Amino acid sequence: MVAVPYCGALLASLGVRRGQVESPKTGDPSRRRGPFPVMCPTRAHGTFLYLNTANEASPLDIDDPKAEGTAANGCEADVPRQWEGLARLLGEPEWASPEKFRDPATHGPAINENLRQWTAEHTREWLYREGQAYGAPIAPYLTPSEVFQSPQQREREFFVEILHPEAGSYEYTDLPLHMGETPPTLRRVPMLGEHNAEVFGGLGYSPQELTALARAEVI
39 MVAVPYCGAL LASLGVRRGQ VESPKTGDPS RRRGPFPVMC PTRAHGTFLY LNTANEASPL
99 DIDDPKAEGT AANGCEADVP RQWEGLARLL GEPEWASPEK FRDPATHGPA INENLRQWTA
159 EHTREWLYRE GQAYGAPIAP YLTPSEVFQS PQQREREFFV EILHPEAGSY EYTDLPLHMG
219 ETPPTLRRVP MLGEHNAEVF GGLGYSPQEL TALARAEVI
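Oh and the sequence shown: position 135 is 173 in the numbering used here, straight run, nothing missing.
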């Protein structure tokens, strides 16, 4: 799952305090899934490193009766579909009329087939450039290496270098927007349990209680 942690990383880089509940023994499973940025597996999986920037690591065994329990919410939102610009780029053929687009259950398969045939006649770069000119929602799927080689992203200073104690120093993609007065801040992914004292101490637990909970592998 990428969408929810990515949104969380964006919010955290803007100042929202973001924590993650994970196993105190092993951490989130995504910490241990390759590929890894270094040769030997650690708790620093490449995708985990990126999706959990600016996070706070305070693991908690939610199945243990000593734990207080947690809750998480996920939200979905639909955005208005852009079609007029694409129809103009297509030359406004009959199969791409607004009336047919408003009835995808009936006309969707035919529209998709015509779009596949049309896009096959053009290069990815042409589709992207012309789509931008017409205000059509067209963007290329880039490989990770293509993203980091993009002249546009380099010009926009879209990358930031972050040092991690296990993974080392790597470039990360920054937020997709820049704000002059309130610039976002990306921080490295924390080590497992790095913020226990800060998070649980802020909830009223004493150092002695935190030590006992850690020994019992509750946190």
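These are calculated hints, taken from the structure and not from any lab test.
Quantities reported herein were computed from a predicted structural model and do not represent experimental measurements.
Please note that the accuracy of each hint is not assured.
Stated by the list, open to error - Taking CB as the label site, the calculated pair distances span:
id: 1; residue 1: R253; residue 2: R154; range: 17 to 27 Å
id: 2; residue 1: A148; residue 2: T223; range: 18 to 28 Å
id: 3; residue 1: T144; residue 2: T223; range: 47 to 57 Å
id: 4; residue 1: P189; residue 2: G240; range: 43 to 53 Å
id: 5; residue 1: P142; residue 2: A41; range: 14 to 24 Å
id: 6; residue 1: V198; residue 2: A41; range: 47 to 57 Å
id: 7; residue 1: V198; residue 2: R126; range: 48 to 58 Å
id: 8; residue 1: A250; residue 2: S183; range: 42 to 52 Å
id: 9; residue 1: R154; residue 2: S183; range: 24 to 34 Å
id: 10; residue 1: R126; residue 2: Q190; range: 20 to 30 Å
id: 11; residue 1: P214; residue 2: R154; range: 20 to 30 Å
Built from N, CA and C at the ideal position, the CB exists for glycine as well.
Hint check results:
no.	hint	verdict
1	R253 to R154: 17 to 27 Å	violated (60 Å)
2	A148 to T223: 18 to 28 Å	violated (48 Å)
3	T144 to T223: 47 to 57 Å	holds (49 Å)
4	P189 to G240: 43 to 53 Å	holds (45 Å)
5	P142 to A41: 14 to 24 Å	holds (22 Å)
6	V198 to A41: 47 to 57 Å	violated (21 Å)
7	V198 to R126: 48 to 58 Å	violated (37 Å)
8	A250 to S183: 42 to 52 Å	holds (48 Å)
9	R154 to S183: 24 to 34 Å	holds (26 Å)
10	R126 to Q190: 20 to 30 Å	holds (24 Å)
11	P214 to R154: 20 to 30 Å	holds (28 Å)
Consistency with the previously given hints fails for numbers 1, 2, 6, 7, ordered from lowest to highest.
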